[in-house]
Amino acid sequence: MHKQTKLGSKIFITAFAFVFLATGAYAGNRRDSIAVNYNREAKMTAPADTVFVSGLVKDAATGQPLVGASIQIEGYSAAISDNKGFFRVGVPTLEAVLSVGADGFQIKQVALKGRNNVTILLYTEPFGSVYDLVNLPLGMRPANQVSYSAVSVQVGDGWRQGSKASVESYLQGKVAGLDVKRNSGTPGDGANLMLRGFNSLYATNQPLIVVDGVPYDNEMYGNNLISEHRYNPISNIDLKDIDNITILKSGTSTYGTKGANGVILITTARARELATRIDFAAYAGFNSQADNLPLLDASGYRTLISDIMGTDTSLTSKDIQRMPFMNDDPSNPDYFRYHYNTNWQDLILRNSVNQNYYLKVTGGDNIAKYALSLGYMKNDGMQRNTDLTRYQVRFNGDLNLSKKLTAAINLSLSSNQQNSLNQGMASQTNPLYLSWIKPPILPSHVVGDDGKVSPNLADYDILGFSNPVSLVDHMQGFSKYYRFSGTVKFAYEFNPSLHLQTLVGVTFDKAQEDFFIPQSGVVPDTLDKAVAYNHSGSNLQRFFNLYNDTRLNYDHTFGGAHHLTLNLGARYSNYESEQEFGKGYNSATDEFVSVGMGVASLREIGGAIGKWRWMNGYFNADYDFRQKYFLSFNVAADGSSRFGTQADEGLKISDHSYPVMASISGAWLMSSENFLANAGFIESLKLRASYSQSGNDDIGNYTARQYYISQSLLGMQGVVRGNIGNPALQWEDVAKMNLGLDGSLFNERVSFSLDYYHNKTTKMITLEPINTATGFSYLISNNSAMQTDGLEFSLNGRLIGNGALSWDMGITLASYKNKILQLPGDEILTQFVDATYQTKVGQAANQFYGYKTDGIYNTAAEAAASGLLNVRADGSTAAFEAGDVRFVDNNGDGLISDADRQVIGSPNPKLTGGFSNTVTLKRWKMDMLFTFSTGGDLYNYQRARLESMSGFENQTEATVNRWRSDGQVTSMPRASWGDPSGNARFSDRWIEDGSYLRLRTLSLSYQIPVEKSALKYIYIYGTANNLFTFTKYLGYDPEFSATRSVFGQGVDLGLEPLGRTFQLGLRLGF
Amino acid sequence: MRNFPITILRQTFVIAICGLLVSSCNKALDILPENVLDKSHVYQNVQDADAAVIGIYGELMNIAPQYIILNELRGDLMAPTENANQYLKQISTFNVNGQNPYSDPKAMYKIILDCNDALLNFKLMLRDKRMTQADFDIRYSAVGGIRSWLYLQLGIQYGTIAYVTNPIENIDALKDQKNFTQLNFDQLIDSLVQFTAALPAKDPFPAGTSLVTSVDGYSTDKFFLPIRCLLGDLYLWKGDYIQAATNYHVMLNYGDILYPAKNSEQWYYTYKIGYDDHTRGGNWGNIFNQPYGERYSNYEIMWDLPFDKNFAPKNPFIDLFYNQGNGYQLRPSQFAINNWNSQTRSDNTPGDYRGENASWKMVGGQPVINKFTSNYTPTTPFETNDKWILYRAATLHLHYAEAANRAGRIELAFAFLNLGLRYTFDPEHLNASHDSRDVTDIEQSFGAPFDFDARMGDFPSFRSPWYRHIGIRGRANMPILVIDSAKYFDTTVLPRTYLNSAAEDSLKLYMEDRLVESGGLELAFEGDRWPTLLRVALRREKLAPGSGVRFLQAKIKAKFAAEGNAAEGAAVAAKLANKTNWFLPFKWEE
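Going line by line, the protein sequences match chains W and D.
One rule links them: number in the numbering used here = place in the first sequence (from 1) + 73.
One rule links them: number in the numbering used here = place in the second sequence (from 1) + 135.
Heads up, a few of these hints could be off.
[To be verified] Under the rule of at most 30 Å between Cα atoms (straight-line distance), these lysine-lysine pairs were calculated in the DSSO-like manner:
| # | chain 1 | residue 1 | chain 2 | residue 2 |
| --- | --- | --- | --- | --- |
| 1 | W | Lys562 | W | Lys477 |
| 2 | D | Lys722 | W | Lys913 |
| 3 | D | Lys174 | W | Lys684 |
| 4 | D | Lys373 | D | Lys264 |
| 5 | W | Lys833 | D | Lys337 |
| 6 | W | Lys602 | D | Lys373 |
| 7 | D | Lys449 | D | Lys373 |
| 8 | D | Lys162 | W | Lys913 |
| 9 | D | Lys710 | D | Lys373 |
| 10 | D | Lys496 | W | Lys602 |
| 11 | W | Lys925 | W | Lys1105 |
| 12 | D | Lys258 | W | Lys892 |
| 13 | D | Lys224 | D | Lys496 |
| 14 | D | Lys710 | D | Lys643 |
| 15 | D | Lys313 | D | Lys258 |
| 16 | D | Lys449 | W | Lys602 |
| 17 | D | Lys313 | D | Lys373 |
| 18 | D | Lys162 | W | Lys725 |
| 19 | D | Lys337 | D | Lys397 |
| 20 | W | Lys983 | W | Lys998 |
| 21 | D | Lys162 | W | Lys684 |
| 22 | W | Lys656 | D | Lys444 |
| 23 | D | Lys397 | W | Lys725 |
| 24 | W | Lys131 | W | Lys701 |
| 25 | W | Lys602 | W | Lys656 |
| 26 | W | Lys833 | W | Lys890 |
| 27 | D | Lys162 | W | Lys562 |
| 28 | D | Lys444 | W | Lys725 |
| 29 | W | Lys442 | W | Lys602 |
| 30 | D | Lys241 | W | Lys913 |
| 31 | D | Lys241 | W | Lys602 |
| 32 | D | Lys310 | W | Lys583 |
| 33 | W | Lys1105 | W | Lys157 |
| 34 | D | Lys162 | D | Lys264 |
| 35 | W | Lys562 | W | Lys684 |
| 36 | D | Lys313 | D | Lys710 |
| 37 | W | Lys656 | D | Lys496 |
[As the list claims (entries may be wrong)] Derived coverage of chain W by chain D (criterion: at least 3 residues anywhere in the stretch with Cβ under 8 Å from a Cβ of chain D; other residues may be distant):
| # | segment |
| --- | --- |
| 38 | 798-808 |
| 39 | 836-849 |
Read the hints as simulated data drawn from the structure, not as lab findings.
Note that the structure is a prediction, hence the values are computed from the model and not measured.
Where is the CB? At the ideal position from N, CA and C, for every residue including glycine.
Input sequences plus hints: build the corresponding full structure.
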């Protein structure tokens, strides 16, 4: 690293000098040679002594000759095809590469490979082609010239997707290696993104998202009051506003310590033409109710709890008979109240609707172009009284301020209002969970002794369960969030080869929550100072970011063969985040829902402030020879307020350390070699290799500093040490090696991409156990390492392609293997709800670590014969009984204890990917996307809670098969009060295969023929999401993500599932 | 025109260079936290120094349960209930494994770290004139004192420990083994004596100190450790009884300083156990159940911290002691209950005023420890206010008596334990309320640090400082513990002389046993029990190897026998035969 550091600094200085001199030398060079601009007319005249090439340009689909196609050699010569598609153009050598393009058709690079006569087939746009331009951090490049692993997704079908698709869920299954797990079915809830597995244990694993050149902060700052509620900032961007998404899997060094997890570059749509165009779309749809979990009905429940109560030694059979719900005498005043058969799930879940309106206007003139879009969306949630409403506006403008100076402006503002409910672990205030466990024998409303039903909702019951209907009706989980981002970019052209650009971006985000849990129907909570009958809360989170990126760009082709691009720039980012919350309790009535109405002495307030800065100086050099051999070099030096002043690595400047991250890559476009001139079926074949260094700066804003925290003594505020400073704390290093092969065959009918990668994280952050005599448990330090190896494959084919009918098919596959190389203490055990994960040197991180089971003891004799003793929490031991789970005594000591735990599964999937089809028939178009994930295990925590049979909670129908008598052969253990044998403990009973195959999206569109008038086109769309899923998983849905942390993957908290949705849309173009 | 781009380029160059290399960027990267305090923002003035002291005492309150559990559950007076978790049971049976949270010394070391940090920074403040010498002396001593107290606790529990005096500010200090010197218990006591004796201000804070104030209705003057008591204890552990008595003596007479007029009730009662009706006999329980700062119990109390329902930490003893919910983890041992119940008061009624309904009570048929939770009732579950008493006059009396006894002043120890000085040092033991005798040479003891004047005379009326002294047993309305003089003295001659050279030693042992017994009756559950047993055992083991082991074994066996679990008692006693098992295993790493 030290060597690289020195190298980096030298390169900087050399690069400066070089750019400076080169610019001076070529400042007079006026030749237009911007590779990407084909609309510009070629002005060059061919030198006299050139070789000439002739050829024919044809439409690939129909075989008809193309008239007026432009053929050029960059910086050298140009020609236009005649009315029979023929052309003749002068070339410097027969090694040259022709750029061929035509209006409405793709742009293609054709290597001559020694030939002097070529036939060129062009496809109509859009077409996923190896010649498509890929948006890279520092500019655009045709895909077949990119030497890094990058995937470009043209979001042409955004309109067809309806309003249910957000940016990240849209990417699901489309990019090999990008594992998108949607968090839940709650509207706007977002997804967990993992690009090529994970690179860190404690820092973020989310890829960096860059929108129009500005890093888009997609984090949440602070905790929400509404349990498991998440604000997902990226959902503020409407898919219909997006032009292109590039996923950069390697070569992210330019983003320094923000690039460790890859980069997702999003480009929003701008006006393409000067004519005014207006697009309006309206969508309306239907979200179907989630399938109910199969739970016991009233009679099944009653039998179950009498079994359970029978095992409670503190109750006699008389006590049990005296329970009001065990009474079968209709003259008993309690009879009616306890003889319902309520389906609680039906009372809170529903079918719901969604709608979306969207208007877009683009146009302009020579001086200014604009694209303005407005959107409104309302999506009802699957639980009653939940919904999400969003308003958004985006303005993208382009200004030609002078011949040399241009400006681009992006402004976007969105406002969201959401009504949500508690989910996840809030067991007494989470209506969804309560709808499962609430005894079906109880009514939702107050019932009189005579059986008459009151309009008032029932209070919590004598068994201690809240009324989920009351929560759905009266809980307030209202959140508002706004996000504004604005960027201005100025670009100045000194000459066609030298450009200077600067971009300033401002982001402001505010999220606010108003929270209230009513008294009515809800079990009171006990606080330190009082019993809390109702709760109120208010939460405010703010985020502010100021960003600047300034760079000098030099791009020139020497002698028609040597193409050099240089970039030198600096980025600066200033971040501020803030959270303030207040909680109140016991307002006079449930109508007073604000914190201020609560009892003053119980009020709680809190918050957090974070400020950090990031600076990044970068240099890039790309070189290619005859568009055949490509070399790319990137280097960046980062400064961050988060890094410790005594970091081991990095460039030291006074008392700060600046990590220097470099990457180098090379590609060989073999298909441009002469020896493949006769292999006509090969359109393009490229071998590439790259090595890139990047880092992860998510190490906490102040973790490296020694600081003090407040410690009160009664009402006096004292100050005590908050940590042991670790001034050596630094970024995590992630080195990425990538080998890839990109190919395109049969005139681009088939294309594929194959990648092998090896990512290695060193200096990984862990909590290092330290000497007890320090008074602290851990020091946050950089002392662990891990690696991920993976393979990715994608294949696209045009199975049928003629004018009227086309069928494109694509498949993506990705697989990776993670391995921990170094950890302090070799092993860490982490907890997430009831699950334990083991992360151990030599194996993959986050393995489920629990008890193995081997059926149950069907007879008392079997239990006795095992001789095993169960070690309880209080340290006492007890023998297992008939009907108990047969846990495996892993260490053979005769005791079932913590020491018997072993790896029982892994949440990391073995293979993920997608399978897509697009069929176009005349005016009809159908998209079909399947996604799948195999080999990952899930901890079905909701089933663990619904099959534990240890209390009054209602359970699943599977518990009917519980063990009840000696010798009964079943796999479901006995019911027992309080579960003294720990049958429901974290074991492989609850670990299930999470593999699935899902028809993720099916959409159909039809273009209605219209007479040429003001109305240019009408499209009708029909879209269905999550239409069906093949899985063995017993929970709601195998796709969910409770947390972004590595140590929480695969744990099913029972969040709102992803349901089926159907949507119809209409789009009008003027 | 040609110059224009070059000018811009040059500017760009300069800006770019700035952006990367110039040191101003370094400044831009220095961002100080706002929701925590950066190192550069603390220890600026005397208020910051006070904040450090307050922080340390705030943390101290969090170790209250650990302090009580380790110091009582290992002794003979407290036992785990059926509800108790396995860790509490482990502690009670001297069978602690590494995972036991109660035996984790980390919380104490965290406070020690804060002490070390404050001590170093106070010195820097003094050096840089951010604090005056007078302010420094008080705060440095306060923090140094509490650090020594914490180390004494660690020594008592773990024997050999790491003696850390460096504030471990960064990873280098953390990795430096020199900062974690290991000392055995004797070495530790020597170090602590040396350090504590050298503290510049060992007496309680003088009036006007900013730390002595009133907060949330609580006067802070008794929040802080009485350093003299600690120093006396350290000398007592060391076996330097004269020095121990000297330091205790200062505190026993500290009423003279607090009430210089020397004629008030406060003066007569503060730290002297007198015949004050508010805490005597059946009112003994008032020491615990009166609210914090109440006048009469405050004469007794030297160091206590209030648990207030409105502030963290919540009184931790309710969940540990009171039998409701998942609480009731610890209870009085049957041995302790039997001990109180088998006493006979001076009016010949059975029992002890310090037993049932004072130190413990019956709730729903279960014995519940009543100290630190005496005001709690489940009908008002959020009224959890109470006080954690760490040192009081009775503690001081018993410790002083222990030192005096070992220093050969057995009669003085007898006086403190039984009915007080005036009674004991009166050859006629008249204890008359009005006395017209000549008391010039009686009713007092002589020779520093054992001099106390308890004389009372009428005609002319004369009341010396200790005339109201009634002793530990006297206050509890307990009869005098009679010593069979014939066993130790030649009763045929005056002044009395010991029968033989062994007689004095055996009387000391006898007296010490009585002190230990009375300590059990008086100070049960307050955190004094195990240290006392351990100190006596270590002392005896040093003087006569084997006798300390037998002493400790007998105590623990008696406890288990009273529980009806003699077998386990024998097993524990077998463990105690090895002196290393008197200490907990020290948990070095997480």
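Results of checking the hints against the structure:
With a CA separation close to 14 Å, the supplied pair W/Lys562 and W/Lys477 stays within the 30 Å bound. At roughly 23 Å between alpha-carbon atoms, D/Lys722 and W/Lys913 fall within 30 Å of each other, so this suggested pair holds. As the CA atoms of D/Lys174 and W/Lys684 are separated by approximately 17 Å, the hinted pair is consistent with the 30 Å bound. Between D/Lys373 and D/Lys264 the alpha-carbon distance is near 37 Å, which puts this suggested pair outside the 30 Å criterion.
About 59 Å separates the Cα atoms of W/Lys833 and D/Lys337, which puts this hinted pair outside 30 Å; it is violated. Restraint check for W/Lys602 and D/Lys373: not satisfied, since their Cα atoms lie roughly 45 Å apart, outside the 30 Å limit. About 36 Å separates the Cα atoms of D/Lys449 and D/Lys373, which puts this hinted pair outside 30 Å; it is violated. Of the pairs offered as hints, the one joining D/Lys162 and W/Lys913 is violated, with about 40 Å between alpha carbons and a cut-off of 30 Å exceeded.
Between D/Lys710 and D/Lys373, the direct Cα distance comes to roughly 25 Å. Compliance with the 30 Å bound is thereby established for this hinted pair. Restraint check: the Cα-Cα separation between D/Lys496 and W/Lys602 comes to about 25 Å, which is no more than 30 Å; the hinted pair holds. Between W/Lys925 and W/Lys1105, the direct Cα distance comes to roughly 20 Å. Compliance with the 30 Å bound is thereby established for this hinted pair. For the proposed pair D/Lys258 and W/Lys892, the alpha carbon gap of about 50 Å is over 30 Å, so the pair is violated.
Distance check on the hinted pair: D/Lys224 and D/Lys496 sit about 22 Å apart at the alpha-carbon level, within 30 Å; holds. A hinted pair counts as satisfied when its Cα atoms are at most 30 Å apart, and D/Lys710 with D/Lys643 qualifies at roughly 28 Å. In summary, the hint linking D/Lys313 to D/Lys258 is supported, as the alpha carbons are separated by about 21 Å, within the 30 Å threshold. For the given pair, D/Lys449 sits about 9 Å from W/Lys602 by alpha-carbon distance, which is consistent with the 30 Å threshold.
Taken as a hint, the D/Lys313 and D/Lys373 pair is honoured in the structure, with Cα atoms around 25 Å apart against an allowance of 30 Å. Between D/Lys162 and W/Lys725, the direct Cα distance comes to roughly 14 Å. Compliance with the 30 Å bound is thereby established for this hinted pair. With a CA separation close to 22 Å, the supplied pair D/Lys337 and D/Lys397 stays within the 30 Å bound. A C-alpha spacing of about 33 Å is found between W/Lys983 and W/Lys998, which places the hinted pair above 30 Å, so the restraint is violated.
The suggested pairing of D/Lys162 with W/Lys684 holds, with an alpha-carbon distance near 14 Å, which does not exceed 30 Å. Only pairs whose Cα atoms come within 30 Å are accepted, and W/Lys656 paired with D/Lys444 is accepted, the gap being roughly 18 Å. Simply put, D/Lys397 and W/Lys725 have alpha-carbon atoms about 69 Å apart, too far for the 30 Å limit, and the pair is violated. A C-alpha spacing of about 24 Å is found between W/Lys131 and W/Lys701, which places the hinted pair at or below 30 Å, so the restraint holds.
At most 30 Å may separate the alpha-carbon atoms for a hinted pair to count; W/Lys602 and W/Lys656 meet this at roughly 14 Å. Among the hinted pairs, W/Lys833 with W/Lys890 is consistent with the structure: their alpha-carbon atoms are about 12 Å apart, no more than 30 Å. Between D/Lys162 and W/Lys562, the direct Cα distance comes to roughly 27 Å. Compliance with the 30 Å bound is thereby established for this hinted pair. At most 30 Å may separate the alpha-carbon atoms for a hinted pair to count; D/Lys444 and W/Lys725 exceed this at roughly 52 Å.
At most 30 Å may separate the alpha-carbon atoms for a hinted pair to count; W/Lys442 and W/Lys602 exceed this at roughly 63 Å. Taken as a hint, the D/Lys241 and W/Lys913 pair is honoured in the structure, with Cα atoms around 26 Å apart against an allowance of 30 Å. For the given pair, D/Lys241 sits about 28 Å from W/Lys602 by alpha-carbon distance, which is consistent with the 30 Å threshold. Simply put, D/Lys310 and W/Lys583 have alpha-carbon atoms about 43 Å apart, too far for the 30 Å limit, and the pair is violated.
With a C-alpha separation of about 60 Å, the suggested pairing of W/Lys1105 with W/Lys157 is violated against the 30 Å cut-off. Our distance criterion of 30 Å between C-alpha atoms is met by D/Lys162 and D/Lys264, whose separation comes to about 28 Å. Only pairs whose Cα atoms come within 30 Å are accepted, and W/Lys562 paired with W/Lys684 is accepted, the gap being roughly 25 Å. Between D/Lys313 and D/Lys710 the CA atoms are separated by roughly 33 Å; this puts the pair beyond 30 Å, and the hint is violated.
This hinted pair does not check out: W/Lys656 and D/Lys496 have alpha carbons roughly 39 Å apart, beyond 30 Å. Counting residues of the segment 798-808 of chain W whose C-beta sits closer than 8 Å to any C-beta of chain D gives 4, which meets the bar of three, so the coverage hint holds. Counting residues of the segment 836-849 of chain W whose C-beta lies closer than 8 Å to any C-beta of chain D gives 8; at least three are required, and the coverage claim holds.
Violated hints for the displayed structure, listed by number in ascending order: 4, 5, 6, 7, 8, 12, 20, 23, 28, 29, 32, 33, 36, 37.
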